[in-house]
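J.: Sequence:
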Amino acid sequence: MNESAGRAGSMGAIGLEVLTASRNELYMSFPYLDAALCALEFRDAEGVVSSGMPAPTGTVATDGESLWYQGSWLARRYLRSRQAVNRGYMHVLFHCILRHIWKARGKDPALWDLACDVAVEALLSEQNYACIEEQASPLKSRFIGECCRDMKVITAEGVYLKLERNPPDRNRLQMLSRAFLFDDHGLWTPEEQREQERRQEQDTRWKDIADRTRTSLETMPSDQGAGGDLMHDQIQVAVKDDVDYRNFLRRFAAPHEVMEADTDSFDYIYYTFGLQHYGNMPLIEPPETREEKRIEDLVIAVDTSMSTSGDLVREFLACTYAILRSTETYTRKVNIRIIQCDNRVRSDDAIHDLDDLQDYMASFRLSGGSSTDFRPVFQHVEELQKSGAFHALRGLIYFTDGMGIYPKKRPDYDTAFIMLAEPPPMVHVPAWAIKLVLELPDLRKAREDAETDEPDMIDWDELPRT
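In terms of my numbering, the sequence shown is residues 22 to 487.
Incorrect hints may appear among the rest.
[To be verified] The calculated SDA-like cross-link candidates involving lysine to any residue, where the alpha carbons are at most 20 Å apart (straight line), are:
no.	residue 1	residue 2
1	K407	S391
2	K128	K429
3	K183	K407
4	K161	N187
5	K407	P432
6	K124	A105
7	K161	S146
8	K124	D229
9	K429	E404
10	K430	H449
11	K124	T210
12	K456	V355
13	K173	E403
14	K128	L184
15	K183	V355
16	K128	D229
17	K124	K429
18	K407	V355
19	K429	G409
20	K466	K161
21	K430	N364
22	K456	D470
23	K161	K173
24	K466	E336
25	K124	R186
26	K456	Q221
27	K124	Q223
28	K161	C59
29	K456	P428
30	K466	F269
31	K183	M196
32	K183	P428
33	K161	V174
34	K466	H449
[Claimed, not checked] Label pairs and their computed distance ranges (CB to CB):
no.	residue 1	residue 2	range
35	R97	N187	35 to 41 Å
36	A371	R271	18 to 24 Å
37	A371	T210	43 to 49 Å
Everything labelled a hint here was simulated from the structure, so no lab data went into it.
Nothing here was measured: the structure is a model prediction, and the numbers come from that model.
Here a beta-carbon is modelled for each residue, glycine too, at the ideal position from N, C-alpha and C.
Build out the structure end to end from the sequences listed, making use of the hints.
T.: Put into structure tokens, the structure is as follows:
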């Protein structure tokens, strides 16, 4: 027993030496990663397995705080290829910098693990440094090429959406996972509430490190940062603040007078002064009405082309429905048109009150399936305006993947194109339009927040799928 413990200790020391040497070599090529390279504490997994602590087996892993390793595995890997260890170290580090660990919640584990590995390896493939070279893999190169054609910047979120839309069969998923795999992701998902709170602190810490890395990339001379542009773009996506779709939707609300006491503009000093000095007669009384911004006239257009998933449309509509039902945004009598369109208008449903909206969501069916042309919706809305269908149209929200024919002329209302991923580079959204790229977690969070305010709404997840 002492002999095996001594061997484990010696292999742990060797693994520590390997990682330290790798970190020093990487720093020489990637000085802008100085904060990140020093952020993970090296911990010997073989030394704690017997204690019952969670640790990876057969490879390396991180929980965002430590880099767990097995000395025997690292030693064998290092003997075969020093560059492989360096590349693996960078692989783990980029998972942290790009905050993959803390975005895993609520996603399919197998697809998310693969998406994160693909995003990291795509980034590493653009770093032209001898210290992280690897033998070319045709399978990896082909799949990264597919992702490049589908998205401007290869991110884990974009790859995950691609995999969700076209799920690979079991054999292909296993082949891709093996091709991109380096580290164990088993420590990514916390099981207890206190673990989740600790993970939130780690996420904030790594977001700060990513910000520092981005600043270093922006200030570094161009001849010293080969591959830095792609890294900067990925980090830019990783550190962006979560989009609050609920607040975004409120920009389409109009001022509306409601019968309710306006306590914000009421001065209680004069009220109580009158009660005290003039025999319970207040000098002023609260205003009987107050002005709030409520959504009344609004157009929601849905791209029903073959490139748009029915489940994603359902999630978008469910989130929008939940927000519109919330008391802060919605007035009972409204004028909302929900238009489905691919290359022509397929349906136009008028929503005038809460009951209409609930009935529509309960019986929703997706119509269409051809190529995308955005112009018919704007032409249709223009005809509705001329016929007096709207009192004061504030805006149009178009849910789409972004690929289609855009109108050239700006309408006389605000227009927002909502997408769940960055469109391909060849897509140019008009300058007069708002482009909002949401992620599924952003939509789901906005929906959960709105449903908390309105607990009696229908359970959209229980409705039949189409």
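J.: Would you mind marking each hint as holding or not holding in the structure?
T.: Hints, one by one, checked against the model:
At roughly 28 Å between alpha-carbon atoms, K407 and S391 are farther apart than 20 Å, so this suggested pair is violated. Pair hint K128 plus K429 does not hold up; C-alpha atoms about 38 Å apart against a cutoff of 20 Å. Restraint check: the Cα-Cα separation between K183 and K407 comes to about 41 Å, which exceeds 20 Å; the hinted pair is violated. The straight-line distance between the Cα atoms of K161 and N187 is roughly 17 Å, inside the 20 Å bound, and the hint therefore holds.
Distance check on the hinted pair: K407 and P432 sit about 13 Å apart at the alpha-carbon level, within 20 Å; holds. A hinted pair counts as satisfied when its Cα atoms are at most 20 Å apart, and K124 with A105 does not qualify at roughly 26 Å. Restraint check: the Cα-Cα separation between K161 and S146 comes to about 10 Å, which is no more than 20 Å; the hinted pair holds. Between K124 and D229, the direct Cα distance comes to roughly 16 Å. Compliance with the 20 Å bound is thereby established for this hinted pair.
Proposed proximity of K429 and E404 is supported: the alpha carbons are some 17 Å apart, at most 20 Å. A C-alpha spacing of about 14 Å is found between K430 and H449, which places the hinted pair at or below 20 Å, so the restraint holds. Annotation: proposed proximity of K124 to T210 holds, straight-line Cα distance about 9 Å (limit 20 Å). A hinted pair counts as satisfied when its Cα atoms are at most 20 Å apart, and K456 with V355 does not qualify at roughly 25 Å.
A distance of roughly 33 Å separates the Cα atoms of K173 and E403; the hinted pair therefore is violated under the 20 Å criterion. A distance of roughly 12 Å separates the Cα atoms of K128 and L184; the hinted pair therefore holds under the 20 Å criterion. Simply put, K183 and V355 have alpha-carbon atoms about 36 Å apart, too far for the 20 Å limit, and the pair is violated. Distance check on the hinted pair: K128 and D229 sit about 24 Å apart at the alpha-carbon level, beyond 20 Å; violated.
For the proposed pair K124 and K429, the alpha carbon gap of about 38 Å is over 20 Å, so the pair is violated. Between K407 and V355, the direct Cα distance comes to roughly 19 Å. Compliance with the 20 Å bound is thereby established for this hinted pair. Restraint check for K429 and G409: not satisfied, since their Cα atoms lie roughly 24 Å apart, outside the 20 Å limit. Pair hint K466 plus K161 does not hold up; C-alpha atoms about 33 Å apart against a cutoff of 20 Å.
For the hint linking K430 to N364, the alpha-carbon distance of about 18 Å falls within 20 Å, and the restraint holds. Distance check on the hinted pair: K456 and D470 sit about 23 Å apart at the alpha-carbon level, beyond 20 Å; violated. For a cut-off of 20 Å, the pair hint linking K161 to K173 stands: about 18 Å separates their Cα positions. Annotation: proposed proximity of K466 to E336 holds, straight-line Cα distance about 11 Å (limit 20 Å).
Restraint check for K124 and R186: the C-alpha separation of about 19 Å stays at or below 20 Å, so the hint holds. This hinted pair does not check out: K456 and Q221 have alpha carbons roughly 29 Å apart, beyond 20 Å. With a CA separation close to 12 Å, the supplied pair K124 and Q223 stays within the 20 Å bound. Annotation: proposed proximity of K161 to C59 is violated, straight-line Cα distance about 29 Å (limit 20 Å).
About 15 Å separates the Cα atoms of K456 and P428, which keeps this hinted pair within 20 Å; it holds. Distance restraint check for K466 and F269: the Cα-Cα separation of roughly 13 Å lies within the 20 Å cut-off, and the hinted pair is therefore satisfied. This hinted pair checks out: K183 and M196 have alpha carbons roughly 17 Å apart, not beyond 20 Å. Our distance criterion of 20 Å between C-alpha atoms is broken by K183 and P428, whose separation comes to about 27 Å.
The straight-line distance between the Cα atoms of K161 and V174 is roughly 17 Å, inside the 20 Å bound, and the hint therefore holds. Using a Cα cut-off of 20 Å, the hinted pair K466 and H449 is violated, with the two alpha carbons roughly 28 Å apart. For R97 and N187, the hinted distance range of 35 to 41 Å is satisfied, since their beta carbons lie about 37 Å from each other. A371 and R271 have their C-beta atoms about 22 Å apart, which keeps the hinted 18 to 24 Å range intact.
A371 and T210 have their C-beta atoms about 44 Å apart, which keeps the hinted 43 to 49 Å range intact.
Hint compliance for this structure: hints 1, 2, 3, 6, 12, 13, 15, 16, 17, 19, 20, 22, 26, 28, 32 and 34 are not met, and every other hint is.
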